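There are 2 protein chains.
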Amino acid sequence: MTAPIDFYFEFASPYGYLASQRIDRIGARHGREVRWRPMMLGAAFKHTGAQPLIHTPMKGEYMMRDLPRFARLLDVPFKAPPVMPANSLAASRACVWLEDEDDLAKRLAKAIFAAHWGEGRDIGEPEQVVGIAESIGIDRTRLLEALADPAIKQRLKDRTEAALGRGVFGSPFIFIDDEPFWGADRLDQVDAWLERGGW
Amino acid sequence: MTAPIDFYFEFASPYGYLASQRIDRIGARHGREVRWRPMMLGAAFKHTGAQPLIHTPMKGEYMMRDLPRFARLLDVPFKAPPVMPANSLAASRACVWLEDEDDLAKRLAKAIFAAHWGEGRDIGEPEQVVGIAESIGIDRTRLLEALADPAIKQRLKDRTEAALGRGVFGSPFIFIDDEPFWGADRLDQVDAWLERGGW
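As they're listed, the protein sequences go chains A and B.
So the first sequence is numbered by the numbering used here: it starts at 110 and just counts up by one.
So the second sequence is numbered by the numbering used here: it starts at 110 and just counts up by one.
Worth flagging that the hints you see were computed from the coordinates, not collected in a lab.
It is possible that part of the hints are untrue.
Pairs count within a copy or across copies, as identical chains cannot be separated in the list.
[Unchecked claim] Simulated crosslink set (SDA-like; lysine to any residue; CA at most 20 angstroms straight-line):
(1) Lys266 x Ala301
(2) Lys155 x Thr165
(3) Lys155 x Tyr171
(4) Lys188 x Trp308
(5) Lys266 x Met167
(6) Lys266 x Tyr171
(7) Lys262 x Leu182
(8) Lys155 x Ile245
(9) Lys155 x Ile261
(10) Lys155 x Glu170
(11) Lys266 x Glu304
(12) Lys266 x Val185
(13) Lys262 x Val239
(14) Lys219 x Asp287
(15) Lys262 x Glu170
(16) Lys188 x Arg134
Predicted, not measured: the structure shown is a model, and the values here were computed from it.
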């Protein structure tokens with residue numbers, strides 16, 4: 110039995126969204142489970158000095174041309190949200206709260222990504238996250254309690270620190286065993302690496 | 110007759126090197142000439158606040174793992190130079206000096222890239238650039254005069270400013286007509302764009 114692929118992502122990252130639309134299929138093609146691992150990318154930016162692309166002169170404009178073009182190529186819906194980058198705390202906490210229920214956590218993450226980047230909804234408002242969670246059958250009251258729970262807040266910090274410890278500085282960031290791949294534009298290499306067992 | 114593809118690059122950029130190994134073949138496959146346009150990327154970094162990847166915490170380490178892996182995938186030689194990023198002034202000036210002799214300028218650029226990233230030679234030393242140029246039949250004395258010529262220095266500044274004016278902030282940066290593509294990892298999209306006439 111081979112180990113799962115680790116798929117690190119930040120909900121506010123549009124390239125994380127694009128990768129999220131392909132990664133499970135790539136894993137399945139090679140008989141590998143994919144573990145979805147939300148994190149707060151801002152914590153990595155403190156180390157790298159990076160800032161959100163959208164606020165970077167020249168790069169921001171290019172990104173807004175590259176993203177819809179990339180999405181059309183993948184045949185994936187794309188709509189720019191009203192606030193970029195969104196505050197992804199509620200979305201990320203909701204997912205780490207559910208981390209022991211892997212299927213449900215993954216379904217929630219996909220629904221959040223679809224709402225945020227596919228429909229342009231602002232996941233920075235916790236009420237939006239709660240509404241998305243309800244739409245896939247998650248109990249509102251339990252989720253609201255979890256979002257306010259200091260243990261869940263700490264868990265997200267811990268998961269983010271662990272990601273940084275593995276060298277994650279961007280989104281998406283994928284490990285096949287310990288081999289790191291950064292970026293939605295590395296997914297073909299991820300696919301090839303799994304196919305060949307490295308090169 | 111369709112317009113040439115514009116291929117902007119910085120000699121100190123290893124991803125510019127990787128792209129340089131594929132771009133002419135992609136152009137040829139679609140009957141498009143490729144214009145090679147060296148520039149000084151540091152001028153763009155002043156706008157974007159970027160710094161060389163190699164000096165960026167976390168990203169630098171990743172890059173040194175990604176680069177040789179990417180080069181092996183493309184079956185292209187790769188050897189890290191002693192100084193990164195190299196000072197590419199002499200290399201870039203030599204190429205803009207020859208810009209009216211497109212074939213020769215391109216041969217020189219390829220030879221410089223091969224020496225720097227394929228063999229790990231330090232092109233920051235002008236003598237290295239002169240030696241590379243001589244090896245493809247360029248006259249040493251004329252080149253040394255050109256490298257010291259204020260008009261050539263100004264020409265490189267002008268070419269760099271013109272690149273910034275088109276939105277170039279990274280290396281490689283490719284325009285098909287006015288459609289911009291940034292990164293060695295966009296070359297498959299460049300190929301597809303030429304194939305389909307956009308999407």
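Here is how each hint holds up against the structure:
In this assembly of identical chains, the alpha carbons of Lys266 and Ala301 never lie at most 20 angstroms apart, being 33 angstroms within a copy and 41 angstroms across copies at closest. Taking CA atoms no more than 20 angstroms apart as the test, Lys155 paired with Thr165 passes in both settings, with 16 angstroms inside one copy and 11 angstroms between copies. In this homomeric assembly, Lys155 and Tyr171 come within 20 angstroms of each other (Cα to Cα) only across copies, at 17 angstroms, whereas the closest approach inside a single copy is 23 angstroms. In the homo-oligomer, the alpha carbons of Lys188 and Trp308 lie at most 20 angstroms apart only across protomers (17 angstroms), although the nearest pairing inside one protomer, at 37 angstroms, exceeds that limit.
Within a single copy, Lys266 and Met167 get their C-alpha atoms only as close as 32 angstroms, which misses the 20 angstroms cut-off; across copies the closest is 19 angstroms, which meets it. Taking CA atoms no more than 20 angstroms apart as the test, Lys266 paired with Tyr171 passes in neither setting, with 32 angstroms inside one copy and 23 angstroms between copies. For a Cα distance limit of 20 angstroms, the shortest separation of Lys262 from Leu182 qualifies neither inside one copy, at 37 angstroms, nor across copies, at 41 angstroms. Taking CA atoms no more than 20 angstroms apart as the test, Lys155 paired with Ile245 passes in neither setting, with 34 angstroms inside one copy and 47 angstroms between copies.
With identical chains, the CA atoms of Lys155 and Ile261 are never at most 20 angstroms apart, being 22 angstroms at best within one copy and 41 angstroms at best between copies. With identical chains, the CA atoms of Lys155 and Glu170 are at most 20 angstroms apart between copies only, with a shortest distance of 16 angstroms across copies and 23 angstroms within one. In this homomeric assembly, Lys266 and Glu304 never come within 20 angstroms of each other (Cα to Cα): the closest approach is 34 angstroms inside a single copy and 46 angstroms across copies. Within a single copy, Lys266 and Val185 get their C-alpha atoms no closer than 31 angstroms, and across copies no closer than 41 angstroms, so neither meets the 20 angstroms cut-off.
Within a single copy, Lys262 and Val239 get their C-alpha atoms as close as 16 angstroms, which meets the 20 angstroms cut-off; across copies the closest is 59 angstroms, which misses it. Taking the shortest Cα distances, Lys219 and Asp287 never come within 20 angstroms of each other, neither inside one copy (25 angstroms) nor across copies (34 angstroms). Taking identical chains as interchangeable, the C-alpha atoms of Lys262 and Glu170 are never at most 20 angstroms apart, the minima being 34 angstroms within one chain and 30 angstroms between chains. For the identical chains of this complex, Lys188 and Arg134 are neighbours neither inside a copy (23 angstroms) nor across copies (35 angstroms), given an alpha-carbon limit of 20 angstroms.
Going through the hint list in order, the structure does not satisfy hints 1, 6, 7, 8, 9, 11, 12, 14, 15 and 16.
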